[in-house]
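There are 2 protein chains.
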Amino acid sequence: MEFDWNGVTHVTKVDPAKPLPGDLGVLAGTDLILVGGSDGVTSENTLDAIGELESAAPDVPVFQEPYSGDHVTRETVERADAVAIPAVYNGDRANFVGKHVDLFTEVARKPEEVLGSSVPFVGDAIREQATEAIVDLVGSLFGEGYVVQNPDATAAATAGVAGTYTPDQVAGAALATEAFYGFPVFYVEYSGTYGGTEDVTAAARYLEETTLLYGGGIDGEKRAREVLEAGADAVVVGDCFHDDPAAFRATIPE
Amino acid sequence: MEFDWNGVTHVTKVDPAKPLPGDLGVLAGTDLILVGGSDGVTSENTLDAIGELESAAPDVPVFQEPYSGDHVTRETVERADAVAIPAVYNGDRANFVGKHVDLFTEVARKPEEVLGSSVPFVGDAIREQATEAIVDLVGSLFGEGYVVQNPDATAAATAGVAGTYTPDQVAGAALATEAFYGFPVFYVEYSGTYGGTEDVTAAARYLEETTLLYGGGIDGEKRAREVLEAGADAVVVGDCFHDDPAAFRATIPE
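Line by line, the protein sequences give chains A and B. Residue numbers for the first sequence follow the numbering used here, so the first one is 4 and each next one is one higher. Residue numbers for the second sequence follow the numbering used here, so the first one is 4 and each next one is one higher.
Chain A extracted, bound-state conformation (with noise of 0.2 Å):
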């Protein structure tokens, strides 16, 4: 997946199962908006996110973050400029590899739904397009290198996340993304809480061609720099996107 990280700085993560706010202009500014969530999204309603947010701030790249793959269709990825698919390091298997086998497994077996169902699958030449089709489409999908650091948080359950990591185990997972599995993103996540700046600290030690995402808690600027100072790359701010524009702006860096 070709895409310019340089310059991002906010993130914006969107739920689709929740109301977008009366004013999406609250969004100027932000460098990237991230659709997903834990509970009660679709496909559909992230087809339908991903529309609105578009007509909004058409400048700004939509990518879709799956959190399973039956939130992942033909359409979405096509629609969405790149799909992030969340590897939880300190999840279970199905969450680091499990279910993106089965992913994988489920695209590179379809040729004739990626290719449109009026295509005939016959001889070598159907078959070879076929696969660049495929390639074509799996192009835009990439992972994201994830811990997720609140055992509380829905996201937890939902990745099988049995413990937190230290500081030094975030530094192991930052390593190994930058230098093993070659994700371009790392992303410590405390969803829903402020986790301060040491996991952020830890991990931008090893970062250098990737990036690190810091989100949880974000509330306003005071937090937003804090992180940032300490080595993100950019913050994601999602809860008040949602539900207070105002403290939303002020996360938003100059």
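Since the hints were derived computationally from the structure, they do not count as laboratory data.
Which copy is meant is left open, so a pair is good if it fits within one copy or across any two.
Straight-line C-alpha distance at most 25 Å; calculated DMTMM-like pairs for lysine to aspartate or glutamate:
#, residue 1, residue 2
1, K102, E201
2, K225, D246
3, K21, D246
4, K21, E47
These numbers were taken from a predicted model, which means no experiment stands behind them.
Using the hints, position chain B against chain A.
Only chain B this time, still in chain A's reference frame:
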């Protein structure tokens, strides 16, 4: 890890717990040597084997392929040309991500060991130097996306393999390697038995950047050729290297 996989068609897998053949001249024509195994392997016998192989075949790159974190020491990392770490798609969590994060965590928090014990750890400059030393060190580590397809092999038990993959799943794991995890190698491992060409054909369809290795039951020219013609970039030959030098020679493409 920078390594040119083009032109690698024959890989020799050496078990450091087994005696090497008397005449290491049989290695002429192999393109790469992997040193590793499941039973009785230690960092010490790994270092011994690397030393002997490097003397006997100075032009052939020698990689360590550890099956457990305790096979890897700073010395093995520095001595081997690279360290190829299996990530087993159809294994348990520990063997796809758990052990790996543990290893990177251990490396990430031992800067003094990496730099040498004589360096005093004071100040930001030293901290930065330590970080760079660690980034350098892990630069020689890379991942191999593995599927272990012989459920009775020691490797399957070691990796917590609960079941083998269908060819569709092998294709999905291959596509995930190419598009998502970004390991430079995808490895179909039949470990001691011959798996035929079905999995290789399924995987090859989706691999462009990724090198496709097949290992298991390659005991002569016929099977080596079969697997290469089905789309493997290279065959991996282990057992007969130790047991039957003439058969081993016959597996090396002209």
